[in-house]
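Colleague: Protein sequences, first through last, are from chains A and B. All residue numbers in the first sequence are consecutive under this note's numbering, ending with 161. All residue numbers in the second sequence are consecutive under this note's numbering, ending with 512.
Since the hints were made in silico from the structure, they are not lab data. Possibly wrong hints are sitting among the right ones.
[To be verified] Pairs of lysine to aspartate or glutamate, DMTMM-like flavour, derived with a Cα cap of 20 angstroms:
hint: 1; chain 1: B; residue 1: Lys382; chain 2: B; residue 2: Glu341
hint: 2; chain 1: B; residue 1: Lys502; chain 2: A; residue 2: Glu20
hint: 3; chain 1: B; residue 1: Lys502; chain 2: A; residue 2: Glu58
hint: 4; chain 1: B; residue 1: Lys476; chain 2: A; residue 2: Glu157
For reference, the chains in residue letters:
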Amino acid sequence: MTKTTCLNEQDLTLLYYGETPDSVSLLEAHRHIKGCPACQQRQLQLERTMQALPQRPCELDPHYATRLTARVVERIPRRRFALPAVAGGLAAAVVVFSFTFWKPEPLLVTHNAAVHPSAVTENTPSPDIDLLENLDLLRELDTLSELTGV
Amino acid sequence: MIMPKETCVSSTNAATIDRSLTERYAQTMDAAQEQILLDRIRSGDETGFEILVKQHADRVTRLAWRLLGRRDDAEDLAQEAFLRLHRALPKFRGDSRISTWLYRTVTRLAIDQMRRDRLRQRLFFSRRHVDDPDPVDLASDPRANPARDLRTREAMQRLQSALADLSPRQRAIFTLRHYEGLPLKEIAALLDLGEGTVKSHLHRAVTSLRKELADFHEERS
């Protein structure tokens, strides 16, 4: 059955885009337009207007994709496993650093001082010892000179 | 903000869109190759992701450019879409093709951005067309036929202006149908809308554009 009433604007728009109209089948719509000068005129006007719409050229240069890829990759967050790895590396560096520059205290003195307080006086080098040794040497020299009569 | 969801389109719809997009753009990467690439990315091979971005960069940016009308914004939006893809890949089940996922994401992000732009314009009474070229520059264009170029640019500006007056959803639907050539059924699936709603939006968009551009042609003549 051929539709006798004219097509509405939405149906004409849908027909322009090759879509099925809502109120009528595609076949019926085409049959109607064929026999209806008014609808033909409206369809022609619609086509003219739509074809007069300027194209919107979106030209991209050949290297655009490479540039965009680089920018996207740059913005990708680092993987999560990187954090423990960095933390482990830092810890290892601290340990190596500590061993390299660590100077042990004189353990003997400390140990003795802790266990036998009196040992401190026995083992601690005294600044007067050299002087006393020199005095002994001087005495011996004096004795030698007396013996030789010089 | 509408978050793109991979799972929001049924498998049937996704398959329809995939087939159509694949045919339309004659993708060089078929589904099997894409799956291999996805496996590489999931196993930690970042170069796989770079290949994926390179493969889709131009198409995604052009779509964003057509939707938003500005290249800078389009590039930003394309970057955002790829970053979201990177985040989504571990959970990507492969129900739809990457191109479909990107189409959906870019369209939704663009609609969000258009909505924000409109709100900003209303709140701050900002100029509508900041990117409009200076008429003096246009007149002093050294190319062979500046008069014709000027007319073309004026028509483009008028079109941009008319598109800006549409609602973000109408604009997206019109762009996807008129410039990208997607069938309404696919647009409905991409935007999670009924086909009737999409038809209605398209009709309103076309009516509005016809009115604006008819006025422009009358002014010109």
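Colleague: Could you run down the list of hints and mark each one as holding or not?
Modeller: Outcome of the hint check:
For the proposed pair Lys382(B) and Glu341(B), the alpha carbon gap of about 18 angstroms is at most 20 angstroms, so the pair holds. Simply put, Lys502(B) and Glu20(A) have alpha-carbon atoms about 13 angstroms apart, close enough for the 20 angstroms limit, and the pair holds. Annotation: proposed proximity of Lys502(B) to Glu58(A) holds, straight-line Cα distance about 14 angstroms (limit 20 angstroms). In summary, the hint linking Lys476(B) to Glu157(A) is not supported, as the alpha carbons are separated by about 130 angstroms, beyond the 20 angstroms threshold.
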